[in-house]
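Read off the chains here:
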Amino acid sequence: MRPKMATGVDRAAVEGMGEYKYGFSQPENYVFKSRKGLSREIVQEISWMKGEPEWMTKFRLKAYDHFIKRPMPTWGGDLSQLDFDEIYFYIKPSDKPTTSWEDVPDDIKRTFDRLGVPEAERKFLAGSGAQYESEVIYHHIQASLTKQGVIFLSSDDGLRQHPDIFKKYFATVVPPPDNKFAALNSAVWSGGSFLYVPEGVHVELPLQAYFRVNAQSMGQFERTLIILEKGAYAHYIEGCTAPIYSSDSFHSGVIEIVVKEGARFRYTTIQNWSTNMYNLVTQRSVVSRDGMMEWVDANLGSKLTMKYPSVYMMEPGARGEILSIAFAGKGQHQDAGGKVVHVAPHTRSKITSKSISKDGGRASYRGLLKVYKGAEGAQSHVQCDALLLDEHSRTDTYPYIEVDEDKVTIGHEATVSKIGDEQLFYLMSRGLNEVDARTMVVSGFIEPFVKELPMEYAVEMNRLIQLQMEGSVG
Amino acid sequence: MAETLEIRDLRVSVQDKEILKGVTLTIRQGEIHALMGPNGSGKSTLAYALTGHPGYTVLGGEVTYQGRNILDLPADERSKLGLFLAFQYPVTVPGVSVANFMRTAINARRKSGGNGQGKPISIPEFRKLLREKMKMLNVDEAFAGRYLNEGFSGGEKKRVEILQMAMLEPHMAILDETDSGLDIDALKAVSEGVNRLAGPDVGILLITHYQRLLDYIKPQFVHVLLSGRIVESGGPELALELEAKGYDFIRVRHGETPTGKD
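Sequence lines, in order, name chains S and C. According to my numbering, the first sequence is numbered sequentially starting from 241. According to my numbering, the second sequence is numbered sequentially starting from 45.
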């Protein structure tokens, strides 16, 4: 009995299932019921539903076993409210409840208004619309990418259609035992993007997880795998400044990136999850000789974010750069930063972190700068700047510096500031009211970050900061 | 409404120290006044108190502009009425370009209906205006993209202050020691700019320690501020007398001890 098909993507997934024969076969007349909590059975069922090869099912189960054994981290944010028994770990796309537009909080609706988000997008972002179909654009992009030999699919499709490439790299950058949430993601992952750029290919167009792929990639346990072959170039952007409203309260993603010799890759994230969300993400890249990895990371929403994009420079000439901003408003805790690991000599890295705290929010920089013995000539500079907008807010810095090699150049600078009275007066003396003057100082503070965003994102980002400063965003 | 700035018996303290002890001064449209005085006499205090710096406390007296009491208004409201201060030490605002700042300031005025419909200025119109004023003041176009006052030399900061004045077209401008730190060429350029902005609709208060600026921007009235009060007023010849005889001469004339320093 074939399950009912609700969406175009679902149809493709189910059709794909029928073509493969694997170790596990689905029992006849089986109907999967989405239910709360996690168990070995549920992990097995997830794999069945997706029609995965045996190795993936085994991988998931092993990861699950590790997840159960592993204790919760005692550092970072407060995870005590997280109740795994209350979470749906897999919902069939056709079963996923759509939020009624009426239930979407007013402040979210107002933000859409202020940011000028088009009607159709609003419903999608609020989880109350069917998938946002941008058919024509999607197919056009796909056609041009395919011509170049670029593969850009959802992770589920990537595994299905390119199993050899997928298996070769999957979990090589973030193995399940890395941390408890990587283990969890490894057990229940669903959705995310799979990007493969062949040798020497330059993808000029910034790749966005277009909505068709995004519907799956915005899932709670997205798993993204990106491979850049020798000399390749691409830029990937995910997220958006408009708040993502979700009844899901927990998002735990894993992003693995392989940058081979002489390749260059930039991954930009703008996250503005609604403020009920726990956002715990493991992002890591390994870079080969003369390769370059850039993380551009904006953390604006969520109740708690723990996220440290990392660059492992494995061969000489490898470079990494992490540019991160975090905005912590009322009731928010952003625990973000980055990790740069110099394994090989003559590698270079730079971390620039800018954080803003307001209305009692807490922004923490947490970062690792590690240089292995033998990594001669390694250069690294870490700059973390914090801006406190009032007396109730909090900022912390947890820099971990482990340098086991002498012949290196390392720098670390941290500043904490508030908006100066003289700055405020100067701006107000030109006719800006107090809110606009403060907003201007904050915009100036994050300018080094905004400069790196494509135009439309930069405009949205500035507008969003304006709204945050006016206090009209929930 | 006549653009007259009337200061009556103004007393101001900063950090609990009384600096201005009763200043009275009237500046009308079309007039250029120079306020001179030794260091510590209260020149900058007057400038800050007039423009609404929150660190300065008014202890007594009145200031009206366009017939309204402005001492109750915050700095931005005073600015929108047409008041402008060219700072002696302009502060740096990192990450905010000169162009961006100027456009925001112009739009702030437009929003409050000061200039008409309330619509923001279009980018092409703004660019044209900025280019025109930069050319007039001999300010390199590259400054438009630079962050406000970041890494600017003293002279460059002063020129950008006058550029802002040119863009905002105030009716009552206070120039706080605009000449300090400028070499002769910069001084000439700045003065030319101010002279072009001056006119029958504009009142200007030049605050300066030295007479030199007044060779280029010619005031009709010169006042001397000493220990928080205006002790003498006259025409341009008063400034020349000051230059020739020094502030000690004035001090003695008003029963104060000479310092032997200026």
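Please note: incorrect hints may appear among the correct ones.
Here are the computed lysine-lysine pairs in the DSBU-like style, where the Cα-Cα straight-line distance is at most 30 angstroms [what the hints assert, rightly or not]: (1) Lys298(S) <-> Lys420(S); (2) Lys232(C) <-> Lys658(S); (3) Lys201(C) <-> Lys691(S); (4) Lys201(C) <-> Lys658(S).
What the simulated footprint calls covered on chain S by chain C, stretch by stretch (three residues with Cβ under 8 angstroms from a Cβ of chain C suffice, anywhere in the stretch; the number is not a length) [claimed, not checked]: (5) 660-672; (6) 677-684.
Rather than coming from a laboratory, the hints here were simulated on the basis of the structure. Using N, Cα and C, we set each Cβ at its ideal position, and we do this for glycine too.
Checked hints:
{"no.": "1", "hint": "Lys298(S) <-> Lys420(S)", "result": "holds (18 angstroms)"}
{"no.": "2", "hint": "Lys232(C) <-> Lys658(S)", "result": "violated (38 angstroms)"}
{"no.": "3", "hint": "Lys201(C) <-> Lys691(S)", "result": "holds (24 angstroms)"}
{"no.": "4", "hint": "Lys201(C) <-> Lys658(S)", "result": "holds (23 angstroms)"}
{"no.": "5", "hint": "660-672", "result": "holds (count 12)"}
{"no.": "6", "hint": "677-684", "result": "holds (count 5)"}
Checked against the numbered hints given earlier, the structure breaks only hint 2 and satisfies all the rest.
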